[in-house]
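Q: Numbering (UniProt numbering), first residue to last: 1 to 255.
Worth double-checking, as some hints may not be accurate.
[Stated by the list, open to error] Now the in silico label distances, taken between C-beta atoms and shown as ranges:
no. : residue 1 : residue 2 : range
1   : L151      : F56       : 47 to 53 Å
2   : G160      : W63       : 19 to 25 Å
3   : L138      : V49       : 52 to 58 Å
4   : G42       : F236      : 54 to 60 Å
5   : V67       : N238      : 52 to 58 Å
6   : D46       : L123      : 14 to 20 Å
7   : E41       : E229      : 54 to 60 Å
8   : N238      : F66       : 20 to 26 Å
[What the hints assert, rightly or not] With a straight-line Cα cutoff of 27 Å, these simulated BS3-like cross-link-like pairs (lysine-lysine) come out:
no. : residue 1 : residue 2
9   : K140      : K124
10  : K124      : K35
11  : K140      : K237
12  : K35       : K50
None of these hints come from the bench; they were simulated from the model. Just so you know, these numbers come straight off a predicted model, no measurement behind them. Think of the CB as a built atom: it goes at the ideal place given N, C-alpha and C, for glycine as much as any other residue.
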Amino acid sequence: MGHIFSRLSILCFMLIILLSILLKMAFKHFAGVVKEFGRNEGSKWDWDVKLRRHLFGWERDQWNCFVLSLDSIIIRKRFHDTLAWSHYSNGLFSVSSFRRCLEGSSAYESSVAPLLWKGLCPLKVDIFLWQVLRGRTLVKEVIHRLRGGQLVDLICSLYGEEYESVDHLFLFYGWSEIMVVLHAMVGCLKLLQPVHQCVAKCLGDLCHSAKRKKAWNSLFVAIIWTIWEVRNNVVFKNIQANLGIASDSVRFRVC
1 MGHIFSRLSI LCFMLIILLS ILLKMAFKHF AGVVKEFGRN EGSKWDWDVK
51 LRRHLFGWER DQWNCFVLSL DSIIIRKRFH DTLAWSHYSN GLFSVSSFRR
101 CLEGSSAYES SVAPLLWKGL CPLKVDIFLW QVLRGRTLVK EVIHRLRGGQ
151 LVDLICSLYG EEYESVDHLF LFYGWSEIMV VLHAMVGCLK LLQPVHQCVA
201 KCLGDLCHSA KRKKAWNSLF VAIIWTIWEV RNNVVFKNIQ ANLGIASDSV
251 RFRVC
């Protein structure tokens, strides 16, 4: 959904929506898999949809726009075609089937969902963590992109060397003493990973104790929130970052 979905998941989602429209417009005996709506011509996929009836003039314009949307989806011949999203006998897709399809297509969602909405911290902190895990937090790199490239200074406010992105600020940043707290608890942490992969790895390394899982959730949130708080103090209040105070803040919030 850091993103709402990965690029691959977004393309799969778009294709699912478009195929649901195709299924309604095409012959009823179609099962709804991609291969029934076209064929490979050399290295390019050529859409060939048999409609139930002839289109009226205004429908033809809409159909042409729809075909342009289909052309934006790149279908590769080597991928196996399967029916991933089932439908009822009347051709309508079920909500539960759609939900299962999205959950199955995104490991990102399944790996980070256990961290959210546990009631371990204030709602604003939960929302902030949700934004971090999806790359929506307003760090310099995100602001630069939203403003169409108008932000000049992209250097990290804390580390002062690389661009300030979500992954860089919350994982790659050299605050070893803060990360040692996390390392001591879960036993193993590879920092050079995207946020969602790091979370999944740490969750997998935990023992099955509910108490330790709760402590891990609290610790991860405390570290992320503390880094953001110290970063904002540097940017907006011109307060120099203090590693010792930040580490103590994490311990205080978890204990």
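Q: State for each hint whether it applies.
A: Consistency of the hints with the structure:
Checking the proposed 47 to 53 Å range against L151 and F56 shows it holds: the Cβ atoms sit about 49 Å from each other. Between G160 and W63 the beta carbon distance is about 55 Å. The supplied range of 19 to 25 Å is therefore violated. Between L138 and V49 the CB atoms are about 43 Å apart, so this pair departs from the stated range of 52 to 58 Å. At about 57 Å, the beta-carbon gap between G42 and F236 stays in the expected band of 54 to 60 Å.
Checked against the hint of 52 to 58 Å, the C-beta distance between V67 and N238 comes to roughly 56 Å, which is consistent with it. Roughly 50 Å separates the CB atoms of D46 and L123, a value that falls outside the hinted 14 to 20 Å. Here the CB-CB span from E41 to E229 is close to 57 Å, well matched to the stated 54 to 60 Å. For N238 and F66, the Cβ-Cβ distance of about 54 Å falls outside the hinted range of 20 to 26 Å, so the restraint is violated.
Annotation: proposed proximity of K140 to K124 holds, straight-line Cα distance about 21 Å (limit 27 Å). Of the supplied pair hints, the one linking K124 and K35 is violated, its CA atoms being roughly 46 Å apart against a limit of 27 Å. Between K140 and K237, the direct Cα distance comes to roughly 17 Å. Compliance with the 27 Å bound is thereby established for this hinted pair. For a cut-off of 27 Å, the pair hint linking K35 to K50 stands: about 13 Å separates their Cα positions.
Violation of the numbered hints given earlier is confined to hints 2, 3, 6, 8, 10; the remaining hints are satisfied by the structure.
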